[in-house]
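Those protein sequence lines, which keep their order, are chains A and B. So for the first sequence, numbering that gives the first Met the number 0 puts the first residue at 0; every next one is plus one. So for the second sequence, numbering that gives the first Met the number 0 puts the first residue at 0; every next one is plus one.
None of these hints come from the bench; they were simulated from the model. Since this is a predicted model, take the numbers as computed values, not measurements. Note that the Cβ used here is the ideal one computed from N, Cα and C, for glycine as well. A few of these clues could be false.
Subject to a maximum C-alpha distance of 30 Å in a straight line, what follows is the list of computed DSSO-like cross-link-like pairs (lysine-lysine) [to be verified]:
| hint | chain 1 | residue 1 | chain 2 | residue 2 |
| --- | --- | --- | --- | --- |
| 1 | B | K148 | B | K179 |
| 2 | B | K86 | B | K30 |
| 3 | B | K30 | A | K60 |
| 4 | A | K177 | B | K2 |
| 5 | A | K168 | B | K1 |
Partial selection, computed: residues in chain A whose CB lies under 8 Å from chain B [to be verified]:
| hint | residue |
| --- | --- |
| 6 | S7 |
| 7 | D67 |
| 8 | F70 |
| 9 | F75 |
Computed Cβ-Cβ distance ranges for the label pairs, DEER-style [said to hold, decoys possible]:
| hint | chain 1 | residue 1 | chain 2 | residue 2 | range |
| --- | --- | --- | --- | --- | --- |
| 10 | A | D146 | B | N281 | 51 to 61 Å |
| 11 | B | K38 | A | D146 | 25 to 35 Å |
| 12 | A | D126 | B | P112 | 33 to 43 Å |
| 13 | A | S86 | B | N15 | 22 to 32 Å |
| 14 | A | V4 | B | R44 | 40 to 50 Å |
| 15 | B | N76 | A | V4 | 38 to 48 Å |
| 16 | A | Y174 | B | Q120 | 33 to 43 Å |
| 17 | B | R44 | A | K60 | 30 to 40 Å |
| 18 | A | P27 | B | P36 | 22 to 32 Å |
| 19 | B | N281 | A | S86 | 23 to 33 Å |
Here is what each chain is made of, one letter per residue.
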Amino acid sequence: MSPKVLLSSKKIDIILNRLACQLIEKHPDFSQVVLVGLQPRGIFLLDRLVNLLERDYAKGKVISGKLDITFFRDDFRRFDKTLAASSSEMEVTIEGKSVVIIDDVLFTGRSIRAALTALDNYGRPLDVQLLVLIDRRFSRHLPIQPDFIGAQVDALEGDKVRVQWKDDKHDDIVYIEKK
Amino acid sequence: MKKLSVDHLLGIKYLNEDDIHLIFETADHFKEVINRPIKKVPSLRDITIANLFFENSTRTKLSFELAEKRLSADVINFSASQSSVSKGETLIDTVNNILAMKVDVVVMRHPNPGAALFLSQNVDACIINAGDGTHEHPSQALLDAYSIKEKLGDLKGKRIAIVGDILHSRVALSNIFALKMLGAEVKLCGPKSLIPRHIQSLGVSVSTDLMETLKWCDAVNMLRVQNERMDLNYFPTTREYAQLYGLNLKKLERIKKEIVILHPGPINRGVEITSDVADSKNAIILDQVENGVAIRMAVIYLLVAKLNIPQV
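Using the sequences plus the hints, can you model the full thing?
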């Protein structure tokens, strides 16, 4: 079956602006906030949000980091493929700060569990929140729920929800591939 | 995601270029991990690794043990001097007894060339060769190449010299395989008596003139004179060897260029390398030790990734 478009470029733009506003509403003092994008796909959302906050909402320098969770995943050796790592760029301390974990699609919640374990290595944050562009409802394997949601989607177990970020050839788009 | 083409690390000659690049990429990530405040990841928490050292070792054993622990594996250590090997037990029996305790990976150093290959054919576990006699020492060659690459960039076309006791060195052989595979030019230098005949067939050049070799190379790997393996006198005196093939500051100044200096350790200070050179800024001997842990974490991680958990 051909992919079905869930969110167009225009809708994604509105959602990103709303998410930025929600972040500011929740955190009046942005100097105590660290945005952490998850490798490999959450970092695009992170970059866009940081860009928006710094440029359009004049939030000054937003503190952010990129976190790789490969070595903390619970499915190592469970599948036929080796887990490929990406680089972590965490030049920040999260001790006593409010951390917002940022990822593109929340599905089973296992990546987020791995991210919470990986975050332990960088200090004890004041609190941790979760921001996702797409929340695949009713598919969680763990008791993990997002605090900031771009859009909610109902999809079957084997379906794939993909986020394509803007580059030279494509526009932003979110689509679903039925199995 | 790419996988290693092999199930064991027996020697560099069983790997291909893609394998080496995959190990280097993975090691980059582990190097970042071991420089964090908390230097541990939980990937191998359900794996048990046995370190079997039938021959003395400080660096390699510690490095492997640290790499295993940083990956959260359970580790058991064994050295031949305190074991039943001295009571006459065979290698396969020893290892099978250890495997009966549910060990997944065996890291082995053994004085006999081919011991790791022999073991991989006869027991059911992932084998990592930590040096087999005068044959290969693959993890050392990987970390040497990785350290040179860190300093000089891509190894393609780079000139690397290996100086000293080539005849008794497993490091030299593994280094030749790894460096050639990565596209570097390799020159061996040492007294004729310590260079194996027909070694040129591996695609390396040979010289007996240290100054000429130093002028030629971008990096030099100074090997230790392995007195413990010498059954007869290969050179007249240690003093003469140090004069002809030892690296000192005077010789480095005479070549009028900067070269990277490696040494696999342990150093015989004043024989193959003087203290002022070993402690100079161009010597990356301690970088090699740090990179050793990252490389060994990468090798273990990638090999264990191939041990799929059986579906229950």
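Find the hints from earlier in the document that the structure breaks and name them by number, from lowest to highest. 2, 6, 12, 15 and 16
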